[in-house]
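S.K.: Since chain G is already given, all that's left is putting chain E on it; use the hints.
Chains G and E are the protein sequences, given in the same order.
At position 56 of the first sequence the residue is numbered 56 (my numbering), and the sequence of numbers has no breaks.
At position 94 of the second sequence the residue is numbered 94 (my numbering), and the sequence of numbers has no breaks.
These are computed hints drawn from the structure, not numbers from a lab.
Treat the hints with care, since some could be wrong.
[What the hints assert, rightly or not] In the PhoX-like style, the derived pairs of lysine-lysine whose C-alpha atoms are separated by at most 20 Å in a straight line are:
1. E/Lys145 / G/Lys130
2. G/Lys22 / G/Lys36
3. G/Lys36 / G/Lys11
4. E/Lys145 / G/Lys22
5. E/Lys62 / E/Lys145
6. E/Lys111 / E/Lys71
Given the structure is predicted, the values throughout are model-derived calculations rather than measurements.
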Amino acid sequence: MARREPIAPLKVVFFVEGNTDKAFLEAFVPRVLGPKAAMRVVRVGGKPAFSSTFFEAARFLDAGYASAFLLLDADTEIPEEIDRQKRQLFEVFRRYGLTERVQIHMAVPMLEAWLLAAYRAHPEQSTHPKRDLARYAGPDAGNRIGELAAALPIDLARRRSKSLDDFITGLEALAPARARQAS
Amino acid sequence: MLRDLAIPCSSPGCVEQNWRWQPSKNTVPSPVVDGKALLRKRWDEHRAPPPGLARSALARWKRERGYVLEKLLVDLARAEGLDAEYGYRRTGEQVDGYFVVDDRHFLLEAKWHEVPIAASDVFAFQGKLRGKLLGTLGLFVSVGKFAVDAPLALVYGKEIDVLLADRGDIELALQTGRSFEEMVRVKMRAAAQRGEVYYTYQRWLDANP
Numbered sequence: 001m002a003r004r005e006p007i008a009p010l011k012v013v014f015f016v017e018g019n020t021d022k023a024f025l026e027a028f029v030p031r032v033l034g035p036k037a038a039m040r041v042v043r044v045g046g047k048p049a050f051s052s053t054f055f056e057a058a059r060f061l062d063a064g065y066a067s068a069f070l071l072l073d074a075d076t077e078i079p080e081e082i083d084r085q086k087r088q089l090f091e092v093f094r095r096y097g098l099t100e101r102v103q104i105h106m107a108v109p110m111l112e113a114w115l116l117a118a119y120r121a122h123p124e125q126s127t128h129p130k131r132d133l134a135r136y137a138g139p140d141a142g143n144r145i146g147e148l149a150a151a152l153p154i155d156l157a158r159r160r161s162k163s164l165d166d167f168i169t170g171l172e173a174l175a176p177a178r179a180r181q182a183s
Numbered sequence: 001m002l003r004d005l006a007i008p009c010s011s012p013g014c015v016e017q018n019w020r021w022q023p024s025k026n027t028v029p030s031p032v033v034d035g036k037a038l039l040r041k042r043w044d045e046h047r048a049p050p051p052g053l054a055r056s057a058l059a060r061w062k063r064e065r066g067y068v069l070e071k072l073l074v075d076l077a078r079a080e081g082l083d084a085e086y087g088y089r090r091t092g093e094q095v096d097g098y099f100v101v102d103d104r105h106f107l108l109e110a111k112w113h114e115v116p117i118a119a120s121d122v123f124a125f126q127g128k129l130r131g132k133l134l135g136t137l138g139l140f141v142s143v144g145k146f147a148v149d150a151p152l153a154l155v156y157g158k159e160i161d162v163l164l165a166d167r168g169d170i171e172l173a174l175q176t177g178r179s180f181e182e183m184v185r186v187k188m189r190a191a192a193q194r195g196e197v198y199y200t201y202q203r204w205l206d207a208n209p
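Okay, chain G solo, but in the shape it has when bound:
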């Protein structure tokens, strides 16, 4: 009888700008990938530093991580500008042959807009998502990102925010079985 090999837990690394993104991911990603998925979040700092993340991404992928995600604020809602930013980053990873296991996602116009999707129909059109989120979720919303991410109605939010939908789709591609279970 063939012996069953233990299934290695799914490991994913995220490169993000700062603490807000980290708090969001730590609460949100287990909801999509399941609690057994191992995740590591690297806070890169400002957007200009992302073009050099290929080095760490390669190291994590070599170390057995299934995929590396770059998650940044687009800081704009203009599709051409978002595409340009993505292409620029993608080009760096292409140069190092890392595109297959690296995904680049941009929150439009910023991560707070994803959380705003719980309250508003067109969060990506908000010109000031932080302020708008504070209006709906309370003035301390900025300090409760994890809590808000844990309570975010996923189906509703992904219908309202295309960039969030893209991100979740990217995650689901890593763990299709889990995604089927969730749906």
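M.R.: Just chain E, lined up with the frame of chain G:
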């Protein structure tokens, strides 16, 4: 004998101790004794303007915040025992501070602006390194953001002599158990290994726990 070649130092604050020059404790002004807790308090006090300031007072407060930042960074370096000096002004040139890490001499530029720091601002600082001892490096600290093209503009086809630091770097360096010296070392290493001028302290900690 090598020791005999030492040049005697005649200025009052200078102490000839060893081959490796060290600042005399007597020359260190009193703010140096500020502990990290005091520096953190000073930092926290300047993160947001006091409420109710009129526009002109607010502008003045923001200007002064820049000077506070310069002093805070030098005090932080000194609190860790680094050889560091406050800023000075020469004809047509202002340097915000000076420090030494691992025998590398650094000039400091500190900005606390709302708008992102453009590549041209960093180039202007780079200009200050010219005319100084070859090998002198620069640390450009911006509490605000850097323009997206700033780090790349510094690297393409040029020798790297400026490292960039941001708000997160400073906040981390002010934490107990972390240090300004380690922050600078992390940046030097990333620049030396991979030519990265904007490599944050937090990134290093997250990627190498």
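S.K.: State for each hint whether it applies.
M.R.: Results for each hint:
{"no.": "1", "hint": "E/Lys145 / G/Lys130", "result": "18 Å, holds"}
{"no.": "2", "hint": "G/Lys22 / G/Lys36", "result": "18 Å, holds"}
{"no.": "3", "hint": "G/Lys36 / G/Lys11", "result": "9 Å, holds"}
{"no.": "4", "hint": "E/Lys145 / G/Lys22", "result": "19 Å, holds"}
{"no.": "5", "hint": "E/Lys62 / E/Lys145", "result": "16 Å, holds"}
{"no.": "6", "hint": "E/Lys111 / E/Lys71", "result": "12 Å, holds"}
When held up to the earlier numbered hints, the structure conflicts with none and fits them all.
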